[in-house]
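Chemist: Letter by letter, the chains look like this.
Number of protein chains: 2
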Amino acid sequence: MDSAPQGRDDRTTTGSDFLQLRIGDAPPGGLSDWLADRLRLAISDGRLPIGARLPATRVLAAELRVSRGVVTETYQRLIEDGHVAGRGRAGTVVVAAPLTVPAPERPPRPTGISAVFAGEPDTEVFEALRATSARFDLSPGLPDLAAFPRAAWLRAERTVLSSLSATDLGYGDPRGAPALQVAVSHWLARNRGIRVQPREVVVVAGVAQALALLAQVLTTRGITTVAVEDPGSLGARQQLQVWGLTTPPVPVDGDGLRVDALRRSGAPAVLLTPAHQFPTGVVLDGERRRELMSWAADGGLVIEDDYDAEHRYDRSPVPALHSMLAEHVCYAGSVSKLLAPALRVGWVIPPAMLHDDVVAAKRNSDLGNAVLPQLALARLMESGEMERHLRMVRRRHRVRRDAMIAAVRRHLPGAVVHGAAAGLHLMITFSTPVDDAELAMAALAADVKVQPLSWHRQRPGAPGLVLGYAASAPSDIEAGMAALGGALRALL
Amino acid sequence: MDSAPQGRDDRTTTGSDFLQLRIGDAPPGGLSDWLADRLRLAISDGRLPIGARLPATRVLAAELRVSRGVVTETYQRLIEDGHVAGRGRAGTVVVAAPLTVPAPERPPRPTGISAVFAGEPDTEVFEALRATSARFDLSPGLPDLAAFPRAAWLRAERTVLSSLSATDLGYGDPRGAPALQVAVSHWLARNRGIRVQPREVVVVAGVAQALALLAQVLTTRGITTVAVEDPGSLGARQQLQVWGLTTPPVPVDGDGLRVDALRRSGAPAVLLTPAHQFPTGVVLDGERRRELMSWAADGGLVIEDDYDAEHRYDRSPVPALHSMLAEHVCYAGSVSKLLAPALRVGWVIPPAMLHDDVVAAKRNSDLGNAVLPQLALARLMESGEMERHLRMVRRRHRVRRDAMIAAVRRHLPGAVVHGAAAGLHLMITFSTPVDDAELAMAALAADVKVQPLSWHRQRPGAPGLVLGYAASAPSDIEAGMAALGGALRALL
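Protein sequence lines, in the order shown, are assigned to chains A and B. If you want the working numbering, it's the 1-based position in the first sequence plus 1389. If you want the working numbering, it's the 1-based position in the second sequence plus 1389.
One chain only, chain A, in its complex shape (with noise of 0.2 Å):
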């Protein structure tokens, strides 16, 4: 060895200058850990290149002051690991070295103003959009997640870890635990119309999931069109391109989707939002639900995204469509927007004939959602303690509603304000040529994040905003507001 080992006489500075490894370092017990651990590391970043001899054992022992067998089962598990090798009379040398190249930094995207709003938005748009910071959040998507129910949620928590057996915590069925598929039928039953037994019901990741296990479906089955609607979700739309389909747009008027639209596209499947349609908030009204119904019997597929539906405030529940059409309807719902994103946790109601191929596609990606978040729902479900969560949220969202409906006739005086009582974001258009895009991104640099309501169309169409309520204070969403239409104001 270059590095001539020399021992010390201070008990605690006791070790050897290979390597620099001081034996105070090492771990009451676990001194072979300790070595093994220093040595890796320093193979790992060159000190010890490959062809480089290890000390001999007896003398490695003897400066640590540690006993020989620490030092031969070290280099007995660096030999087992492949980093060394016993050569013999030569001694015990490094034969590999872990790559451990670093990482390539990863480009930081480029989160600022300019970036998420320039060209045509990608999939990780709405991350980037998220990662921004801005004083007042209006982007539409989320329900008031100041109200989540913590203290229902850990007491549900709580009763659910009591009660488990310990196969409970195996691998689950890739349906859903039972108790939620009750659940989840009561839940629909009460609050949709729906009628349908615990064992249809599919249980998943929230709707993005159920949007990708249907369209793994489909495509299998030959399917590679599902029309959309035109303003429509633009994550949904991003969601069944990445699966393969292409998503032809089908214009929405003022009673929803135009079914005439649809039946000429001849698309053999659309995804809509009946009862609060994504972003224009129009409830699809009674003709075009059985002309829809009528397309549907000619062999069409609906895709019933039912994401915010719970979520009225002056006005009649609409059952869902599949408690019209359930031979024709995959109905998908979540808690996304009556609990929080975060929970992961929707249902697919699939018609009879796709249920086993959904099945197998939840499966096939991830053998099933996790158990204990389930168990905890159904509680939440069954006991009436989401009801009153709703009833609560509902109260504060629709003061919120208020609050930016008259925001908006005191901020944006021109701007047309869209859609049903309803829901959790409010669309509004504006009759001057303004770019949506750039007016978002003077919003954002004025501390105020908005949707482009251009991102959320195929065809061109009136500029316009989509703007989320639920999740603001009133004074938040009035001051947010009123620095939109000082950005407005500067843009025009």
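Check the hints yourself; a few may be wrong.
[What the hints assert, rightly or not] Some residues of chain B that are not near chain A, with every Cβ distance over 12 Å (derived):
id, residue
1, V1571
2, M1713
3, V1788
4, D1824
[Stated by the list, open to error] According to the in silico footprint, chain A covers these stretches of chain B (three or more CB under 8 Å from chain A):
id, segment
5, 1444-1452
6, 1732-1744
7, 1754-1761
8, 1770-1782
9, 1789-1802
10, 1868-1877
These aren't lab readings, by the way, just hints derived from the structure by calculation. Note that the structure is a prediction, hence the values are computed from the model and not measured. Glycine residues also receive a C-beta, built at the ideal position from the N, C-alpha and C atoms.
Starting from the structure of chain A, add chain B where the hints point.
Modeler: Here is chain B on its own, set in the frame of chain A:
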């Protein structure tokens, strides 16, 4: 109307013969909701067929002793949702019925004993085996679930719920919660000799999802073959196959994967379990590790399934392959064997060049794992509770392993026990020519669940069984093995 409405005088039974509506059934303040529900139900079940005329609003209101506005509003809602239509003087008529063809009963899967073990195992075979009941479950794959640290988990949840921000409840990062990325990087450094930056860790829903995501990434890049160990995990092989990969077998011997055979196979990638091979229990030895590193350096991709590496008893830890080959190894691990499969949490550390693709696949799959369990797990890992739990179950598992080895010697005297003192299962082989699927079937008839080794083989080989011991008390292991021995003797 055929059934002439007749008013009743008794307030509590005020109602209408029409559909046997009893106003006493209606909740106070929800008359219109209630009435709409009853009408929809009647339309749905055929009591009000298409073409049926509803009572005049005036008449029904009088019968029910409610204001006419309630009935008008109800009819309006049914018009909106497309069930009925106004026909002027002809009144209000049912025009569409919900299609409530009951979902056909799926033929129940034959879960009898012979069904599970007859023929080639399909992707539902593990669920089928779980669904069969047996007094002694000695099938592999589960840790000691009775030891799940329920109190510690609940404490972690409480801390998380009391400290998270509202933003944490929104859509999370598809890469995983930053706190868990950090905790996993620390865990892997402490326990598996892996040094990674937290941002290199991608949180997934277990190793099954890791394989699904990787398969998607690889096939997109034109890689359609991933070699697997033989014998090797049937479940992992099926998972790769359902995502379109072919899985040529590479033999495993007493030193682990035969890298020479891997090289000859020409496969561009290999999935293996180097720390404790499934099912043989062999540890990949130092020479093989070096050979594999050399194969990888020539362009091969190693997928390291580190599925039960933390469970070792009287042997030294072997660091993960990833610690030597970071740029060529995709590392995957999970808490399924550390805590419980029901949690559905795992992690992948892809090589840098695949990182962004794996993240995109995770985003497209489900937008990311649920946040609350990630944060709870991060706390368990960072607080030392996980290591405490691991030490505790390690002691229990070791006793159970010893009990099983003793029981094999006692009740299956001809069987050979394979593998290192690690993991959660044993492999045994028989020198006598017995059909191991038949033996597993006979064992199940004798109330003992085991897996035939042939499930996990692609090429012919000695018959055997894969036996899980971690989830059973020593007395159950002894009794189950005695019953298994009886089943074997009856077959020979």
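Chemist: All hints, please: hold or fail.
Modeler: Taking the hints in turn, this is what the structure says about them:
| no. | hint | in the structure |
| --- | --- | --- |
| 1 | V1571 | holds (16 Å) |
| 2 | M1713 | violated (4 Å) |
| 3 | V1788 | holds (18 Å) |
| 4 | D1824 | holds (27 Å) |
| 5 | 1444-1452 | violated (count 0) |
| 6 | 1732-1744 | holds (count 5) |
| 7 | 1754-1761 | holds (count 8) |
| 8 | 1770-1782 | violated (count 0) |
| 9 | 1789-1802 | violated (count 0) |
| 10 | 1868-1877 | violated (count 0) |
The structure fails hints 2, 5, 8, 9, 10 (numbered hints given earlier, in ascending order).
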